[in-house]
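Undergrad: These are the residues of each chain, in order.
2 protein chains.
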Amino acid sequence: MKGKHIPNLFTLGNLLLGVFALVLALNEEYGRGAIMILLAGVMDYLDGKVARKLQVSSDFGKELDSLADLVSFGVAPAILAYALKLSDWGYLGLAIALGFVMCGALRLARFNATTFSGNFMGVPITAAGGIVAIVIIYLGNIPDLVLPMIMMLLSWLMISKIKVPKF
Amino acid sequence: MKGKHIPNLFTLGNLLLGVFALVLALNEEYGRGAIMILLAGVMDYLDGKVARKLQVSSDFGKELDSLADLVSFGVAPAILAYALKLSDWGYLGLAIALGFVMCGALRLARFNATTFSGNFMGVPITAAGGIVAIVIIYLGNIPDLVLPMIMMLLSWLMISKIKVPKF
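For the protein sequence lines, the chains are Y and V, in the order given.
FYI, the numbering for the first sequence is 3 to 169, going by the working numbering.
FYI, the numbering for the second sequence is 3 to 169, going by the working numbering.
FYI, nobody ran anything at the bench for these hints, they're computed from the structure.
Misleading hints may appear alongside valid ones.
Since copy identity is lost for identical chains, a pair holds within one copy or between any two.
Derived lysine-lysine pairs resembling DSS-like cross-links, with alpha carbons at most 25 Å apart [to be verified]:
| # | residue 1 | residue 2 |
| --- | --- | --- |
| 1 | Lys-163 | Lys-6 |
| 2 | Lys-51 | Lys-165 |
| 3 | Lys-51 | Lys-87 |
| 4 | Lys-6 | Lys-55 |
Predicted, not measured: the structure shown is a model, and the values here were computed from it.
Using the sequences and the hints given, assemble the complete structure.
TA: Rendered as structure tokens:
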């Protein structure tokens with residue numbers, strides 16, 4: 003195992019947790035599913051951190067990172083939210099879930115196809131998916147409508163040209 | 003709308019069908035979910051065909067295509083297969099589903115990070131996901147064990163260096 007592949011192990015961990023969140027959605031374990039999304043976020047943070055520390059970065063790693071991010075922070079939050087609550091609103095709820103994934107994919111494809119430095123353009127999918135996961139965890143204590151409203155807002159913010167500082 | 007974005011509409015259709023297959027998995031409609039995967043395959047074929055016909059091709063389009071492919075031909079078949087049958091085998095079934103998605107992601111990341119012409123290296127995820135969808139559709143008529151066996155074989159074939167002619 004060469005050092006350059008170590009960050010990719012965290013990325014695979016990210017993807018694995020995202021798919022596991024979907025398995026938990028099938029089992030109607032929405033809170034635990036949302037926690038998997040947050041843990042996937044930790045993995046995503048670590049992969050970037052480790053890559054910078056080891057000064058290894060590759061096209062392969064970047065591709066893998068985007069693929070994992072779409073599953074863990076786009077598909078998994080959308081499916082958990084749909085199964086938990088959005089399905090109550092029929093086609094509108096379905097459209098909100100599908101729209102969230104579409105916007106996340108457009109954000110990732112745009113990010114990878116442009117070279118820039120400084121600020122992010124549009125809210126990163128990791129942040130959007132993490133926020134949806136947190137709303138899912140606290141949904142018993144807040145009005146149900148918060149979930150679709152925040153998902154529509156985040157969908158728009160992902161594809162908007164709003165500037166978000168890197169952290 | 004510029005012509006160069008037309009192939010991307012097919013790619014978004016591919017992604018949309020993949021997410022819809024996951025929604026059908028939640029509803030225990032596995033056969034219909036598998037049909038969505040096959041329809042996503044038609045969209046994936048058309049996006050490449052249209053891009054070549056219009057002679058438009060972009061980094062953005064390629065990124066979006068990979069993202070859609072992982073969801074429709076990696077995550078959706080794995081989750082449908084898990085919900086339908088693999089879950090009967092506990093952690094082994096879970097590992098087979100997770101392994102299929104991991105290998106699909108590795109195949110896509112390797113494909114995007116290398117430039118080449120002629121043959122594909124490793125079985126494309128579109129083919130692997132399509133085969134799993136067909137097995138899901140016919141699972142009533144074939145032994146249950148075919149599903150995990152073929153998924154393990156396809157997982158390996160995706161990351162192998164086997165040469166597959168382009169078609």
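Undergrad: For each hint, tell me whether it holds in the structure or not.
TA: Going down the list of hints, with the structure as the test:
1. Lys-163 to Lys-6: Result: close only across copies, 21 Å inter versus 33 Å intra.
2. Lys-51 to Lys-165: within (22 Å within a copy, 36 Å between copies)
3. Lys-51 to Lys-87: neither (35 Å within a copy, 38 Å between copies)
4. Lys-6 to Lys-55: Within one copy only: 11 Å inside a chain, 39 Å across chains, cut-off 25 Å.
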